[in-house]
Amino acid sequence: MDIEFLDNVIFLGAVTVLSALQNVFFAYTVQNESVHPRTSNTAFDRVKVANHNCIEVYPTFLALLWTAGLLCSQAPAAFAGLLYLVVRHKYFVGYLGENCQSLPGFFFGKRLMAFLFIMSTAGIVNYTTNYFFGINFLFYMQTVTKASAALLLIP
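Position one of the sequence shown corresponds to residue 489 (this note's numbering), numbered consecutively onward.
Think of the hints as simulated: they come from the structure by calculation, not from any bench.
Possibly wrong hints are sitting among the right ones.
As the list claims (entries may be wrong) - Within a straight-line C-alpha distance of at most 27 Å, the following computed BS3-like cross-link-like pairs (lysine-lysine) qualify: (1) Lys-578 / Lys-634; (2) Lys-578 / Lys-598; (3) Lys-598 / Lys-634; (4) Lys-536 / Lys-578; (5) Lys-536 / Lys-598.
Given these sequences and hints, build the entire structure.
In structure tokens form, the structure reads like this:
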């Protein structure tokens, strides 16, 4: 495989593998919670619903992560992806407690997905303008996304 190509996707691949490991952890938690006999199933129900909510968004996350990383800039997309994994874990763990504990993770996750969506859209628009008009804004987009990725840390 071409080493230059791998340099352009290694961070995206690492985030994807970490997200797969996180899904295994979530599934293990659901399995572990299901084997304990309980008089009420509230703990199991919460774990199951939290896992289901995370799994529903997972394909969208992967599509946005890879599209943003390939068409715009790998490093900010991978950074946003790592933050999303942390936030998704916070959401999952928060869902096991009070209902309000999962909300910060949910809202922050929406912001990270919006950032990846904007990066993906900008990459697609750049490719289209480059293809049809010969205008390439990739350098400017990479500069803006690298600078704005640090702003994702602001709560």
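Please list, smallest to largest, the hint numbers that this structure does not respect. Hint check: nothing fails, all pass.
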